[in-house]
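Peer 1: This is what each chain is made of:
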Amino acid sequence: MPVYSEEMLSPADLHNLVAYLESLNRLTAV
Amino acid sequence: MVLFSGLWTSALLAEDKPLANPKAGNPAAIKEGSSLFRGNCSPCHGMNATGGGRGPDLTAGRWTHGSSDAEIFRTISQGVPGTEMPANSFEDSETWSIIAYLRSVGSPRRSTNSGDRSKGEQLFFASAGCSQCHMVKGKGGRLGPDLSRVGAARSESYLVDSIRDPDKQLSNGMLDPNRFFGPPLLYEKVTVVTASGETITGVAKNEDTFSIQLLDTSQQLRLFLRKDLKDVIHERSP
Numbered sequence: 056m057p058v059y060s061e062e063m064l065s066p067a068d069l070h071n072l073v074a075y076l077e078s079l080n081r082l083t084a085v
Numbered sequence: 506m507v508l509f510s511g512l513w514t515s516a517l518l519a520e521d522k523p524l525a526n527p528k529a530g531n532p533a534a535i536k537e538g539s540s541l542f543r544g545n546c547s548p549c550h551g552m553n554a555t556g557g558g559r560g561p562d563l564t565a566g567r568w569t570h571g572s573s574d575a576e577i578f579r580t581i582s583q584g585v586p587g588t589e590m591p592a593n594s595f596e597d598s599e600t601w602s603i604i605a606y607l608r609s610v611g612s613p614r615r616s617t618n619s620g621d622r623s624k625g626e627q628l629f630f631a632s633a634g635c636s637q638c639h640m641v642k643g644k645g646g647r648l649g650p651d652l653s654r655v656g657a658a659r660s661e662s663y664l665v666d667s668i669r670d671p672d673k674q675l676s677n678g679m680l681d682p683n684r685f686f687g688p689p690l691l692y693e694k695v696t697v698v699t700a701s702g703e704t705i706t707g708v709a710k711n712e713d714t715f716s717i718q719l720l721d722t723s724q725q726l727r728l729f730l731r732k733d734l735k736d737v738i739h740e741r742s743p
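Residue numbers (the numbering used here), protein chains in the order written: chain A, 56 to 85; chain B, 506 to 743.
Isolated chain A (complex conformation) (with noise of 0.2 angstroms):
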């Protein structure tokens, strides 16, 4: 797994791609 730095990955997309994650299968969520 690479180090995905700020100049890889700016906060921004970060943000996004944490959102995606995120939302992956939680079925119960509050």
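Check the hints yourself; a few may be wrong.
Restraint-style ranges between C-beta atoms, simulated for each label pair [stated by the list, open to error]:
id, chain 1, residue 1, chain 2, residue 2, range
1, A, V58, B, G530, 36 to 44 angstroms
2, A, A67, B, K644, 38 to 46 angstroms
3, A, M63, B, T714, 32 to 40 angstroms
Partial list, derived from the structure: chain B residues whose beta carbon lies under 7 angstroms from chain A [claimed, not checked]:
id, residue
4, E596
5, N618
6, G620
7, G625
8, K644
9, A657
To be clear, the hints were calculated from the coordinates, so they are not data collected in a lab. Fair warning: this is a prediction, and the values are worked out from it, not measured in the lab. Yeah, the Cβ is synthetic: ideal placement off N, Cα and C, and Gly gets one too.
Based on these hints, arrange chain B on the given structure of chain A.
Peer 2: Leaving out everything else, chain B in the frame of chain A:
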């Protein structure tokens, strides 16, 4: 026949568990539950229940298999078929203590992330290259963990750390020196150098005194005998 029926009903009732934790909030139970958790659950769920190599974060209030006390009791005692969560043989009292502990460390919380999910999906499958190694719902690579359920298992901060500083999370929860729960789920990068000088890099899937099996970067499973190799370079110690 009626007598048998009555006995059977009584037996079922006797098996019924309380719907709510009778030890909820009890400091002694929380302490006992913490100890039981660390000794039995932390190899998968991490020392502080924030998630480990196998098990999800149990502090985020995201209970995929039911969030009530009775449902968590069932999950602990019976396990979850089709997942790595095994059945356990705790006394009922011990199970309630573990639940009391989990309630004490967990707090339902909403993500503060207001990012754009669809843009994130494009990043995952295109420019960020995540899908070269990670699979989501059957699509993507196999070098890294399958992330199809990661949203239910990991906190926002864990996900950020995993992207910005992935090594920080790799060893979390790996406190199983006797491998009671099976071999550790490591995604260790390994490069082998063959006798002809060819270098092949991949993820070690299995390794012993005589051989090593790699899933290489083209996702082919390859077996090498150590006697045929000039070198085996581990990027990270197991």
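Peer 1: Take the hints in turn and mark each one as holding or not.
Peer 2: Evaluated hints:
The hinted range of 36 to 44 angstroms is satisfied by A/V58 and B/G530, whose Cβ atoms lie roughly 42 angstroms apart. Between A/A67 and B/K644, the C-beta spacing of about 24 angstroms breaks the proposed range 38 to 46 angstroms. The beta-carbon spacing between A/M63 and B/T714, approximately 38 angstroms, falls within the hinted interval of 32 to 40 angstroms. Evaluation of the B/E596 hint against chain A yields a violated restraint, the C-beta minimum of about 27 angstroms exceeding 7 angstroms.
Checking B/N618 against chain A: minimum C-beta separation of about 5 angstroms stays under 7 angstroms; hint holds. Taking 7 angstroms as the C-beta cut-off, the interface hint given for B/G620 holds, the closest approach to chain A being about 3 angstroms. With its C-beta approaching chain A no nearer than about 3 angstroms, B/G625 sits inside the 7 angstroms limit, and its interface hint holds. Residue-level restraint check for B/K644 is violated (minimum Cβ-Cβ distance to chain A is 12 angstroms; threshold 7 angstroms).
Taken as an interface hint, B/A657 checks out: its beta carbon lies about 5 angstroms from the nearest beta carbon of chain A, inside 7 angstroms.
Violated hints, in rising order: 2, 4, 8; the structure is consistent with all others.
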